[in-house]
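Please take these sequences and the hints and turn them into a complete structure.
Spelled out from the first residue to the last, the chains are:
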Amino acid sequence: MIGRLHPLPKLALCLIWIGASVLVFDLRFQLLTLALALALLWAVERVPLWKLLALMIPFALFGFGFLTTSVLFNQESGFALQMAHEQGAASPDFSPGLVLFARTLACGMVSALFALTTDPGQLVRSLMTHLRLPAPVGFALMQAMHLVPDLGREMQTMRMARAMQQRRPMRRIPRPGEVMALTIPLLAFAIRRASRAAIAMEAKGLRPHHPRSQMKTTPIRAGDTAVLGFGLAILATLITLLDQT
Amino acid sequence: MPEALSCEGVAVRYPFAARDAVGPLTLQVAQGERVLLLGPSGCGKSTLLHSLTGLIPHAIPADRRGALHLFGQAVESRSPADWADRVAILFQDADQTLAGLTVSDEIAFALENRAMPPAEITLRVTRAMSQAGLPESWSERRISTLSGGQKQLVALASVLAQGADLVVADEPTACLAPAAARMLADLLLAPGQTVLIVDHRLGPILDRIDRVIVLGREGQLLADGPPAQVFATHGPTLAAQGIWTPLAVRVRLELATQGINVPPVLQVADLVPHLPPDADLGPMLLAAPLPPGPVVVCLHDAACAPPFGPKVLRDISMHLRGGEVLGILGPNGAGKSTLAACLAGLIPPREGRRDGPPGAIAFQNPEAHFTTDSALAELAASGMTPPQAAEVLGDWGLSHVAQQHPFTLSTGQKRRLALALLTATDRWPVLVLDEPTAGLDHAGTLFIARHIRRLAARGKALAVITHDADFALSVCDKIAVLADGTIRTDGPARQVLCDTALLQAVGLAPPEATPLLDWMERKG
Numbered sequence: 004m005i006g007r008l009h010p011l012p013k014l015a016l017c018l019i020w021i022g023a024s025v026l027v028f029d030l031r032f033q034l035l036t037l038a039l040a041l042a043l044l045w046a047v048e049r050v051p052l053w054k055l056l057a058l059m060i061p062f063a064l065f066g067f068g069f070l071t072t073s074v075l076f077n078q079e080s081g082f083a084l085q086m087a088h089e090q091g092a093a094s095p096d097f098s099p100g101l102v103l104f105a106r107t108l109a110c111g112m113v114s115a116l117f118a119l120t121t122d123p124g125q126l127v128r129s130l131m132t133h134l135r136l137p138a139p140v141g142f143a144l145m146q147a148m149h150l151v152p153d154l155g156r157e158m159q160t161m162r163m164a165r166a167m168q169q170r171r172p173m174r175r176i177p178r179p180g181e182v183m184a185l186t187i188p189l190l191a192f193a194i195r196r197a198s199r200a201a202i203a204m205e206a207k208g209l210r211p212h213h214p215r216s217q218m219k220t221t222p223i224r225a226g227d228t229a230v231l232g233f234g235l236a237i238l239a240t241l242i243t244l245l246d247q248t
Numbered sequence: 066m067p068e069a070l071s072c073e074g075v076a077v078r079y080p081f082a083a084r085d086a087v088g089p090l091t092l093q094v095a096q097g098e099r100v101l102l103l104g105p106s107g108c109g110k111s112t113l114l115h116s117l118t119g120l121i122p123h124a125i126p127a128d129r130r131g132a133l134h135l136f137g138q139a140v141e142s143r144s145p146a147d148w149a150d151r152v153a154i155l156f157q158d159a160d161q162t163l164a165g166l167t168v169s170d171e172i173a174f175a176l177e178n179r180a181m182p183p184a185e186i187t188l189r190v191t192r193a194m195s196q197a198g199l200p201e202s203w204s205e206r207r208i209s210t211l212s213g214g215q216k217q218l219v220a221l222a223s224v225l226a227q228g229a230d231l232v233v234a235d236e237p238t239a240c241l242a243p244a245a246a247r248m249l250a251d252l253l254l255a256p257g258q259t260v261l262i263v264d265h266r267l268g269p270i271l272d273r274i275d276r277v278i279v280l281g282r283e284g285q286l287l288a289d290g291p292p293a294q295v296f297a298t299h300g301p302t303l304a305a306q307g308i309w310t311p312l313a314v315r316v317r318l319e320l321a322t323q324g325i326n327v328p329p330v331l332q333v334a335d336l337v338p339h340l341p342p343d344a345d346l347g348p349m350l351l352a353a354p355l356p357p358g359p360v361v362v363c364l365h366d367a368a369c370a371p372p373f374g375p376k377v378l379r380d381i382s383m384h385l386r387g388g389e390v391l392g393i394l395g396p397n398g399a400g401k402s403t404l405a406a407c408l409a410g411l412i413p414p415r416e417g418r419r420d421g422p423p424g425a426i427a428f429q430n431p432e433a434h435f436t437t438d439s440a441l442a443e444l445a446a447s448g449m450t451p452p453q454a455a456e457v458l459g460d461w462g463l464s465h466v467a468q469q470h471p472f473t474l475s476t477g478q479k480r481r482l483a484l485a486l487l488t489a490t491d492r493w494p495v496l497v498l499d500e501p502t503a504g505l506d507h508a509g510t511l512f513i514a515r516h517i518r519r520l521a522a523r524g525k526a527l528a529v530i531t532h533d534a535d536f537a538l539s540v541c542d543k544i545a546v547l548a549d550g551t552i553r554t555d556g557p558a559r560q561v562l563c564d565t566a567l568l569q570a571v572g573l574a575p576p577e578a579t580p581l582l583d584w585m586e587r588k589g
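Chains E and H, in that order, give the protein sequences. The working numbering puts the first residue of the first sequence at 4, with every later residue one more than the last. The working numbering puts the first residue of the second sequence at 66, with every later residue one more than the last.
Hints are not guaranteed to be accurate.
[To be verified] Covered stretches of chain E, going by a simulated chain H footprint (3 or more residues, C-beta under 8 Å): (1) 144-153; (2) 201-208; (3) 217-228.
[Unchecked claim] If you anchor each label on the Cβ, the simulated ranges turn out as follows: (4) E:R171 x H:H365: 21 to 29 Å; (5) H:R84 x E:R171: 38 to 46 Å; (6) H:G228 x E:R195: 29 to 37 Å.
[Claimed, not checked] A short, non-exhaustive set of chain H residues, derived as facing chain E with CB atoms under 7 Å: (7) L166; (8) A175; (9) P372; (10) L411; (11) A433.
Please keep in mind that the hints were generated in silico from the structure rather than gathered at the bench. Only a predicted model underlies this, so the values are computations on that prediction, with no experimental measurement involved. From the three backbone atoms N, C-alpha and C, an ideal C-beta is built for every residue, glycine too.
The structure is reproduced here in structure tokens:
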């Protein structure tokens with residue numbers, strides 16, 4: 004359902020909500036944001052819970068830094084925490100480290116909500132149509148999306164070749180040293196591939212500053228605007244209610 | 066007929082190169098003409114194609130001399146992107162040259178660049194998908210989920226949708242299964258189209274070609290004319306330069322060495338009535354039998370899957386003996402490369418078991434094998450002394466590139482270096498070669514075929530993945546055909562490759578040599 008919304012109003016709403024999350028220094032707001040995004044993904048979009056938890060690991064590790072700094076180095080980080088604490092709509096009842104930790108998770112979950120419910124191709128096309136993103140930049144972004152699985156496949160082949168040379172079966176998870184050794188060859192592969200793609204796109208008529216049409220343009224419908232308005236209304240209500248209590 | 070393309074003394078030289086990569090060339094292609102450009106590996110065919118719309122020197126730095134005209138207009142009067150409204154290019158490597166994220170995005174891309182009305186684009190995309198045999202449900206399918214052959218078909222649909230006045234195609238059938246290659250030839254080379262095509266696989270395209278232009282080793286014109294005339298007149302010269310010729314021509318030349326003269330024909334079926342009973346075709350078509358050694362590697366009820374991927378093959382039971390060459394055939398996406406990794410022991414089977422020592426794979430992309438900065442250093446890194454390494458390079462015809470960086474070698478040289486690395490020591494008793502002849506000229510293919518048999522004679526157990534049934538016939542002792550996630554059939558090479566009904570059922574084609582095999586069978 005959320006996947007059917009136009010990417011741009013959805014992007015605007017997510018960015019505004021993340022902005023609010025950064026500005027409102029209130030644990031309750033962060034937790035509500037986290038819970039709302041999680042509920043939408045889990046209950047409406049049917050994203051498995053394990054996947055959502057796994058996606059939150061890097062955000063949790065990042066946020067954990069704030070928490071430990073706040074708890075263990077309270078004295079040393081006093082100024083930064085004081086600054087954060089004095090932000091608008093701050094709630095005095097919770098440890099600033101805990102709020103920062105929850106903020107990281109909340110922003111992460113809102114980002115996940117956008118990423119997991121948006122078709123990247125449609126997003127890039129919408130940016131080209133509605134926000135005049137230059138076509139060469141848009142298709143360069145799409146090429147980057149092509150490159151990721153290609154790099155993965157190339158890395159597997161290189162890992163097999165190296166496993167063969169070292170007379171051992173391929174490890175399921177590569178060791179850090181192995182990953183380091185693959186960096187330069189993979190970079191060379193990426194550069195060669197990008198050059199070939201650029202030549203092919205030019206041969207197919209892509210050029211900067213030249214008018215082009217689009218087969219599929221997704222118009223922003225009244226429903227999309229209504230969802231944006233509804234989301235903003237919830238956000239405003241939430242902030243107002245939390246501010247009054 | 067008016068000219069579509071005209072080259073007057075065109076030559077291209079890359080920066081810092083001592084000689085021209087191609088040319089000087091003078092040639093014309095008329096509108097409505099379907100022209101095959103042939104030549105040995107490295108003679109500058111792709112360079113010439115890249116020059117036609119000005120990609121050289123506009124996007125690829127090089128010095129181009131001479132006059133080049135498209136439809137009577139100087140090529141340099143427009144940018145390569147501007148020429149896209151009249152010239153469509155089908156690139157060699159569809160894997161790396163697709164622009165859109167989904168199938169319909171890709172097919173619409175060139176039309177959108179021409180600012181066509183969306184309704185017209187939709188119409189053309191739907192029609193092109195149907196022509197190329199792509200199911201409607203693929204419209205929103207991500208390109209990254211397609212196999213190499215499927216991507217090539219999408220690239221073909223994209224070219225068809227363009228409806229260009231001239232189509233330039235660089236080895237479009239190289240990674241396609243035979244049925245798909247035949248369909249591509251039917252669509253691309255339909256009568257009335259103006260096409261300039263470079264391809265080593267002559268079988269699917271030869272009867273659709275009006276004219277052949279042959280470039281020699283130095284990138285200069287060697288022959289030009291209708292196929293029958295070129296192959297009849299220049300057959301021996303082409304063979305001497307290692308250029309692919311039709312099987313009928315190769316057989317005729319081989320018979321001539323036996324003192325048997327047959328008329329110059331292009332199709333094998335036309336050759337059969339002229340074959341005398343004493344003609345010996347076996348050595349040129351079939352692998353010389355070797356005494357089978359002990360079983361080296363076995364798969365028992367194995368289920369094979371790529372790393373982190375789902376199982377693509379189930380219930381695989383097979384064994385490979387020393388001195389035996391197994392051919393693995395199958396349509397695009399059948400799981401051949403996954404089976405190769407499992408057979409070599411690089412990926413353990415998800416179910417069942419593999420018995421045998423570790424093996425090695427010569428990957429389809431030979432660059433995956435290289436880790437140092439020269440061909441000689443690659444061999445030295447595998448534990449050889451410099452004199453030993455030099456001897457091995459000589460053995461594989463690579464002495465003159467010993468100090469060159471492996472990435473700067475030609476495709477054929479890269480493949481030979483990768484094989485030299487894997488076979489220089491007796492470290493691996495099992496060797497799997499993944500598409501070892503893709504993109505190679507006839508000389509390169511013969512070289513690889515001879516080495517495969519030589520390695521088998523040394524007692525190695527070999528498996529060869531290929532789409533080329535004639536190559537499989539000439540080097541393999543037995544064949545396994547993969548389809549629908551398992552082995553559909555296996556057995557002696559000649560027996561399996563003569564089962565036309567089965568091969569066609571899985572999208573493969575019987576060898577071009579089938580009429581000759583039937584003749585041998587009848588002769589007893």
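**Study point:** Hint check, failures only
**Key:** none
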